[in-house]
Structures are given as C-alpha cells and as structure tokens.
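Visitor: Please build the complete structure, drawing on both the sequences and the hints.
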Amino acid sequence: MRAALTLSGNQAVLTRANPLAKFAAVFLITLVLALSIDWMSASVALICELLLFPLAGLTFTLLWQRGWPLILAAAVGGWSTSILAPDSGKVLLDVGLWSMSEGSLELGLGFLLRGLAIALPAVLLMSCTDPTDLADALAQKARLPHRFVLGTLAAMRLVGLMAEEWQTIGMARRARGVGSRGNPWQRLRATLGQSFGLLVQAIRRATRLAVTMEARGFGGASRTWARESTYSALDIWVLLGGVMIAGGAVAAALWAGTWNMVWLQGS
Amino acid sequence: MPATHDGGVRPAAVTARGWGWRHAGRTKPAVNGLDLDIRPGERVLLLGPSGAGKSTLLHALAGVLGDSTSGSGTAGDGGPPDSDDADESGSLLIDGEPPRARRGRAGLMQQDPETQVVLSRLGDDVAFGAENLSVPRDQIWARVHEALDDVGLAHLPLDHPTSALSGGQKQRLALAGILAMRPGLILLDEPTANLDPAGVLEVREAVGRCLDKTGATLVVVEHRVAVWKDLVDRIVVLQPGSATQQAVLIDGPPDQVLKQARGMLTAAGVWVPGHVPATRRRTLAGPAAAADRASAANGEQALAPGQLLLAAEGLAVSRERPRRRGFKSVPPVPVLRDVTAQVRAGEALTVTGPNGAGKSTFALTLAGLLPPVDGKVSAAVELSRGAGIDPYKWKAEQLIARIGTVFQEPEHQFVTGRVLDELQFGPKHLGHGEERVDELLERLRLTDLVDANPYTLSGGEKRRLSVATVLAAHPQVLVLDEPTFGQDANTWAELASFLSELLDAGTAVVSVTHDEEFTHVLGGTELRLGSRELSAPGQAAPGKAAP
Numbered sequence: 001m002r003a004a005l006t007l008s009g010n011q012a013v014l015t016r017a018n019p020l021a022k023f024a025a026v027f028l029i030t031l032v033l034a035l036s037i038d039w040m041s042a043s044v045a046l047i048c049e050l051l052l053f054p055l056a057g058l059t060f061t062l063l064w065q066r067g068w069p070l071i072l073a074a075a076v077g078g079w080s081t082s083i084l085a086p087d088s089g090k091v092l093l094d095v096g097l098w099s100m101s102e103g104s105l106e107l108g109l110g111f112l113l114r115g116l117a118i119a120l121p122a123v124l125l126m127s128c129t130d131p132t133d134l135a136d137a138l139a140q141k142a143r144l145p146h147r148f149v150l151g152t153l154a155a156m157r158l159v160g161l162m163a164e165e166w167q168t169i170g171m172a173r174r175a176r177g178v179g180s181r182g183n184p185w186q187r188l189r190a191t192l193g194q195s196f197g198l199l200v201q202a203i204r205r206a207t208r209l210a211v212t213m214e215a216r217g218f219g220g221a222s223r224t225w226a227r228e229s230t231y232s233a234l235d236i237w238v239l240l241g242g243v244m245i246a247g248g249a250v251a252a253a254l255w256a257g258t259w260n261m262v263w264l265q266g267s
Numbered sequence: 001m002p003a004t005h006d007g008g009v010r011p012a013a014v015t016a017r018g019w020g021w022r023h024a025g026r027t028k029p030a031v032n033g034l035d036l037d038i039r040p041g042e043r044v045l046l047l048g049p050s051g052a053g054k055s056t057l058l059h060a061l062a063g064v065l066g067d068s069t070s071g072s073g074t075a076g077d078g079g080p081p082d083s084d085d086a087d088e089s090g091s092l093l094i095d096g097e098p099p100r101a102r103r104g105r106a107g108l109m110q111q112d113p114e115t116q117v118v119l120s121r122l123g124d125d126v127a128f129g130a131e132n133l134s135v136p137r138d139q140i141w142a143r144v145h146e147a148l149d150d151v152g153l154a155h156l157p158l159d160h161p162t163s164a165l166s167g168g169q170k171q172r173l174a175l176a177g178i179l180a181m182r183p184g185l186i187l188l189d190e191p192t193a194n195l196d197p198a199g200v201l202e203v204r205e206a207v208g209r210c211l212d213k214t215g216a217t218l219v220v221v222e223h224r225v226a227v228w229k230d231l232v233d234r235i236v237v238l239q240p241g242s243a244t245q246q247a248v249l250i251d252g253p254p255d256q257v258l259k260q261a262r263g264m265l266t267a268a269g270v271w272v273p274g275h276v277p278a279t280r281r282r283t284l285a286g287p288a289a290a291a292d293r294a295s296a297a298n299g300e301q302a303l304a305p306g307q308l309l310l311a312a313e314g315l316a317v318s319r320e321r322p323r324r325r326g327f328k329s330v331p332p333v334p335v336l337r338d339v340t341a342q343v344r345a346g347e348a349l350t351v352t353g354p355n356g357a358g359k360s361t362f363a364l365t366l367a368g369l370l371p372p373v374d375g376k377v378s379a380a381v382e383l384s385r386g387a388g389i390d391p392y393k394w395k396a397e398q399l400i401a402r403i404g405t406v407f408q409e410p411e412h413q414f415v416t417g418r419v420l421d422e423l424q425f426g427p428k429h430l431g432h433g434e435e436r437v438d439e440l441l442e443r444l445r446l447t448d449l450v451d452a453n454p455y456t457l458s459g460g461e462k463r464r465l466s467v468a469t470v471l472a473a474h475p476q477v478l479v480l481d482e483p484t485f486g487q488d489a490n491t492w493a494e495l496a497s498f499l500s501e502l503l504d505a506g507t508a509v510v511s512v513t514h515d516e517e518f519t520h521v522l523g524g525t526e527l528r529l530g531s532r533e534l535s536a537p538g539q540a541a542p543g544k545a546a547p
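Listed in order, the protein sequences are those of chains D and X.
Its first residue numbered 1, the first sequence is counted upward by one per residue in the working numbering.
Its first residue numbered 1, the second sequence is counted upward by one per residue in the working numbering.
Treat the hints as calculated values from the structure; they're not laboratory data.
A portion of the hints provided could be inaccurate.
What the hints assert, rightly or not - Calculated Cβ distances over 12 Å to all of chain X for the following chain D residues:
hint	residue
1	L51
2	A73
3	A85
4	L93
5	V95
6	M100
7	D130
8	A142
9	P145
10	Y231
11	V243
Claimed, not checked - Looking from chain D toward chain X, a few residues come up when the C-beta cut is under 7 Å (computed):
hint	residue
12	T132
13	D133
14	M171
15	G179
16	A215
17	G217
18	A221
Note that beta-carbon positions come from the ideal geometry of N, C-alpha and C, so glycine has one too.
Guide: Structure representation (structure tokens):
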C-alpha cells in the first residue's frame, strides 16, 4: 500500500514539472469535460491523455494497478446509464424494465469515456507528484500558510502508519476475544470498537508528532525553505498541453455537433 | 560570548529555582520545588521512579509544555489550585531566559521512533528544524550533510524514504534533525526504550560522538543506567512532586551516586549496572508434582508437562494479506520461511534474532492471529479440544481460552474503560472463570487500580494489566511479544517470576525477546531466526532451533 504511493525510481519528465502547473493543466481538462456529456470531447481528451501518460512514467500495467477502481466505476456508470436513460432512436435491446436504444447507448458511452478521461489525469498527477514537492509549491508559490501545509503533510505520513496500526489493533482485539467474524451486526460492532482503538492511537501519535515538530522550532511566523519550488520552461509546456487538450476536445465536439452542455440537459 | 566548539555550537546553561509544574486537570504537581543548576557542556542523567516528573522537566526545557497560569510564583502554597489550567511556579531558565523564548536552543528526542520522523525523505527531515529557525538555504544543506555524517547515516541518499529506516536509524535521524538546529542543549527522553540491543548501541554511540564534537549540554532520562553511565558526568535523582519535599533527591558524579543510592535506586526499579533483580527460580520438580499443581490451580484436567500443544511445520509468514492487482490475487512475499517449532506444556520457547527477521510475525502466526503464507500451524487435540486443528480458523472466544497473546503495546489490547471491566471481559465472554479475576488482581498488584482507566496507568501497570487480562481467559499457551521492552527493573522481576510460576503450573510460554536475562530465567528452548539481510530477496532465511 505504502510502496504503491511512493515515486521511488520514477525518472519521467513530468516528475520534474512544478506540481502547481500540473494541477492547473489537470484542472482545465477536468473543467471542460465536466461541462458536456458527449463521446467526442471525452474521446479526444482520453486519446491525448493515453498518448501522454508515458511522460509521467506510467505503464498500462501500473495504470491498471493504481486506477482499476476508477476504471471499473466508469464502466459501471456507462453501462447503467445506457440501460436506464430514457430511450431515443432505435431500440437495440429490451429486457423488461431495461432497454437500450441508440440514444441511451450514446449517452452511456459518453459517460464511460468522460469518466475515464477525468479519472486518468488524476491518476497521472498522483503518479508523478511527490507530496513534499506539492506542499513546497503550495506554500512557496501559491502562498498558502506554511503551518497548515506542513501540518497536513506531516499528518499524511501518519496515514500510512495508521493502516498498519489498524491491522495490529484488529489482531490485538481478536486476542482479547473480540471477534471480527460473525453476522453483520457483530461485525459492525467489532469495527466500531476497533475504530475507537485506532482513534485513540491516532491522537496519541499525532500529539507526540506535534511535540516533535514544535521542539524543532515549528510554528514560528517565518521560516526558510531548503527546497526552492521553481517554475521552468517545462511548466509552460505542461500548461500548454492542458490548454491544447481542453481546447481540442471542445473544438472536436463543436465540429462534430455533439457538444452537449450539462445544464441544458433538462430542456 | 563564551568560546564555541566546532560547528558553531554554544553550550547552554540550565537554572531552576523552586520550579514546579502541575498539568491541567491534575490536583498534584508533576514537579515541585526543583532547584537545579546545569553548567554549559555538562552531561546529566536524570533518574527517579515513574511519576517523578522527569519527562515533564524535559518537555519544559524543550519549550513544548503548553501554556500555564504562571501566577503565584511560590511553590505549593499559591492558594487553591484551579485544576482546569496547568500551573507553573518558580523559574526554569535556559541561558537566563524562559525556554519558550529561546526557540531552537534545545532539541528534544522522544521514545517512539515513528513520531520522531516528520517528513518522508531523509534529507528533508533533517532540514526541517533548520528551516523553522530561518537558516538560509545554502547553509541548511551544509548542516544536513554534516549532521547525517555525525550520526552515521551519510551513506544513504538524501531522498531515501524515512519509512524504510529501522528503529535505531530513525532515532539517529531524529538526532541529526536536532543537530542541524545547532542546539546548545540536547534533551533525550528515553531515546532507546523501544530499540533492540543493536539499536541502543547505535544511538548511544551517535550521541557520544556528537557531544564530543559540539560540546553541547546533555540531559537524558533513561532507566537503564548502564547504557549512559560512561557517557554522563553527573546523575540527578528526582522524587515525585509534593508540597513539602525537594524535587532533587540525590545529585553527584555517577559512581558516587550509584554507590550512595544503590538500594534506593534498585527499590525504585532503576536498572543499576551489575544488578539483576531477584526472580523466582523455576522448580525442577518431577512431572507429577507439576501436574498436581496444575490440576490444583485449574480445577481442570491437567496436562502432562512436555505434552505437545502446538506445532509449526515449514511455516512461511508475512503480515501482508494477499494483494489485489486488478483482478489477480498475489500472495505476499514471506519475511521468513521454513520455520519448524514445537510448543509444549510447561516449557518455554524463546524466539530471538535480529530486527526485521520476522520474529513477531512468526509469533502472531503461531498464535492464530495471522494466516500462514505457506506451511501450517497445527494444534494438538489436548489444546484444540474440539475446535479444529488450525488456530487461525478458531472463533475469537475459542482462541482466547486456548492461546493468549500479549502484544508489545498494551494499549492495543484495551477494550474497556476500567481496569476491572478489562479483566472481566474475557471470562464474561467465555461464561466462566470470573473467580480467577481477584487472584490475578492480587497477584499482579492491580487491586488498588480496579476503577482506573487503563489508558491512564503507568507503563509498568499497563504491562501487568495486559498480561492479567489475557490470562483471565485461562489459556494453555501464552504468547508474549517483547514483554520486557522499556520496563523498569521491578516490573521486569515481577513479570519474570510470574511467568516462571505459570510454566511450573503447566502453561506453555512463547516469548519474542531480545532480553537475555529474561530468557535465562524462563529456561527452555531458544528458536533463533535468521536475519533478512543475509538471504537473497524473496528467499527468506530459515529458522533454526537451538537447545
């Protein structure tokens, strides 16, 4: 779990870009895709993303390992839209309540592609951005308060520890006779008890970590930064890439006449 | 300005005059009437029974004690205390100023290695303190390299993940982070209590090297005197805070204090060098006598000593569950494989080996808490009593009446909010055995604490409680993970004596430990597990049993 979240060994080009630039590019693409449910804009964006993702050091295997829940969710969303959406055009399949028509299939396909096209940049961003670099950029470039940013960063490191702690507490409680097996009610009760145990440990750990940070002088009004967050020419390309993918998607959809604004759906 | 040592460090002086501190919500002060002078560059070992306020003093010096209603100025008689707020009396100064006003003048290291690391990359973590003190960027990296070199971690790359470090390495990293701030006062709060013997040495050596180089003042709290005795030049013994007595009980050079106060220190549970606490010896009476005792104690069918209860064959273990890779399920890579061991009634099995060898994982698998990756754990009929052969498949109630496991961290096992409920929990679930609770309370000196919240107990009390709660369910096999880690000498002796009694009564005791004295008291078989470093990746070292 922890290993999957580190970037060790990832030397890809996009790891060197400033996290804020990457964020801006992903935001642009997501924004455009959120505006319209149509298969054209989504497929253009998706194709561009698939062409670009080796730049983030991803392979298809890695992509599947990290993004399979999102990919599955997009597929399920697309499928259910195509069978549940109001029919229009020729009906292709009709099983009682469920029916699939040309119109609903198109809508479902749009949903699926759009889901993937939105999910992929998020996976891409996570795969080539170190949380520490992101924090540096947020504090130094976006001027967010450093106490908040660094506090969050340090707390995130504890999240990985908490996953291990959860397992240990589960075993420790079984050794006290608290079963985590049985009927759903017993399982729920066991989970609640275990969550309380984890909460206690999380607070203890967080308190000690806070003492450690304070003892290292954290919390003052000003500080220096050992790592300077900088912009480079690469960031211009990243932004330009984002603009081009977003623009290309809109242009293609307008040209194909499939552009379909979300808030005009009702009419 | 006084002369500075190499590295631009100016040693700090500490002055306490009638200093006292009461934590918020408490009625008794943690420290009271402390008068103490520590000269620049002095190295002080702080001793005393638990509750003497040693950690409170270190936290105060580090400037992390929080806010107080520092008003009265006199110790103890400042009117009725408002117990909702913390209360400070007297003065505690570093170089003549309150510690809070001298950010970065003191550096503090605490006990739990996990919370001494702030950031996820080695170099960033060392730089953190220097950044907070607004050291210019180019100087920070020079300090980082120097500090890592001083603590012996310079061979690792700056982007090395801190989660991949061992406990001893994490504590040395914490020391590097402190050194990069160039503090004049280094404060260590039981820095080696959670470490194995190799880790203890690593940290002690690193601290010694850094002090020799920088000349900084040192205050260390630790109840294993032998570790620090040769490194310090003064021992100060504190006593629990009270309105009438001085906080400092004894103060002087190490040899003199240890000679003068030997009896008092051993009585307070301090590990004085050359003193092994007296423990009950195992009786080597014939099997019949043991069986008699066992049946008398249990009122149940007695087991013959030496009776095989639990066996591991070709066992491969891992804490990780099979991993999901898309649709595929991949079995985890075992940390240890091909372990064969036998657990017998009335006999001790001690599991030893270096850190990372998979000792705890092995014990948890043997105890039916983790599924084996390969091989099997099988319970003999005498132990399973109809519950099936594989302990991992037993229900929780079936498990606790057969195999009891005491975890390294007692808090992980607390399931109620009261000591008495905690002890009755097992018997209540089983529907029998509640009469044993009183006996355990008495035997493990918990009678006065029945109404206390388990989380508020001292370290030693928590350990005794965690052993008692597991034994309340009356298991025939007891598995303990590092039961003596960080324990004072009194708790240690009580625990060792109690376990030797259990063994004589026919219980099987499996303990994972680095503690040679403890192993010696319990006797029995030692299972030495190999180190991971010695084997190729994915090909873990086999376990070897030595008599």
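Visitor: Each hint should be assessed against the structure and marked as holding or not.
Guide: Each hint tested on the structure:
At roughly 22 Å from the closest C-beta of chain X, the C-beta of D:L51 stays outside 12 Å, upholding its exclusion from the interface. Remark: the non-interface label on D:A73 is consistent with the geometry, its nearest Cβ contact in chain X lying 14 Å away (cut-off 12 Å). Even its closest Cβ contact with chain X, about 28 Å, leaves D:A85 beyond 12 Å, as expected for a residue assigned away from the interface. Non-interface call for D:L93 relative to chain X: holds, since the shortest CB-CB distance, roughly 26 Å, exceeds 12 Å.
For D:V95, the requirement that its beta carbon stay farther than 12 Å from each beta carbon of chain X is met, with the minimum near 27 Å. Taking the minimum C-beta to C-beta distance to chain X, about 26 Å, the non-interface status of D:M100 holds against the 12 Å cut. Not every C-beta of chain X lies more than 12 Å from that of D:D130, the closest at about 8 Å, which undercuts listing it as non-interface. Separation of D:A142 from chain X is adequate, the least Cβ-Cβ distance of about 18 Å exceeding the 12 Å criterion.
The beta carbon of D:P145 sits about 14 Å from the closest Cβ of chain X, which is more than 12 Å, so the claim that it is off the interface holds. In this structure D:Y231 is separated from chain X by more than 12 Å, as the shortest Cβ-Cβ distance comes to about 17 Å. Under the 12 Å C-beta cut-off, the non-interface status given to D:V243 relative to chain X holds; the minimum distance is some 32 Å. Interface restraint check: D:T132 against chain X, minimum CB-CB distance 6 Å, threshold 7 Å, status holds.
Because the closest C-beta pair between D:D133 and chain X is about 10 Å apart, greater than 7 Å, the hint is violated. At its closest, the beta carbon of D:M171 sits 4 Å from a beta carbon of chain X; the interface hint therefore holds under the 7 Å criterion. Taken as an interface hint, D:G179 checks out: its beta carbon lies about 4 Å from the nearest beta carbon of chain X, inside 7 Å. The interface hint given for D:A215 is met, as the beta carbon of that residue sits about 4 Å from the closest beta carbon of chain X, less than 7 Å.
The beta carbon of D:G217 is positioned within 7 Å of a beta carbon in chain X (closest approach about 4 Å), and the interface hint is therefore held. Checking D:A221 against chain X: minimum C-beta separation of about 10 Å lies over 7 Å; hint violated.
Checked against the numbered hints listed earlier, the structure breaks hints 7, 13 and 18; every other hint is satisfied.
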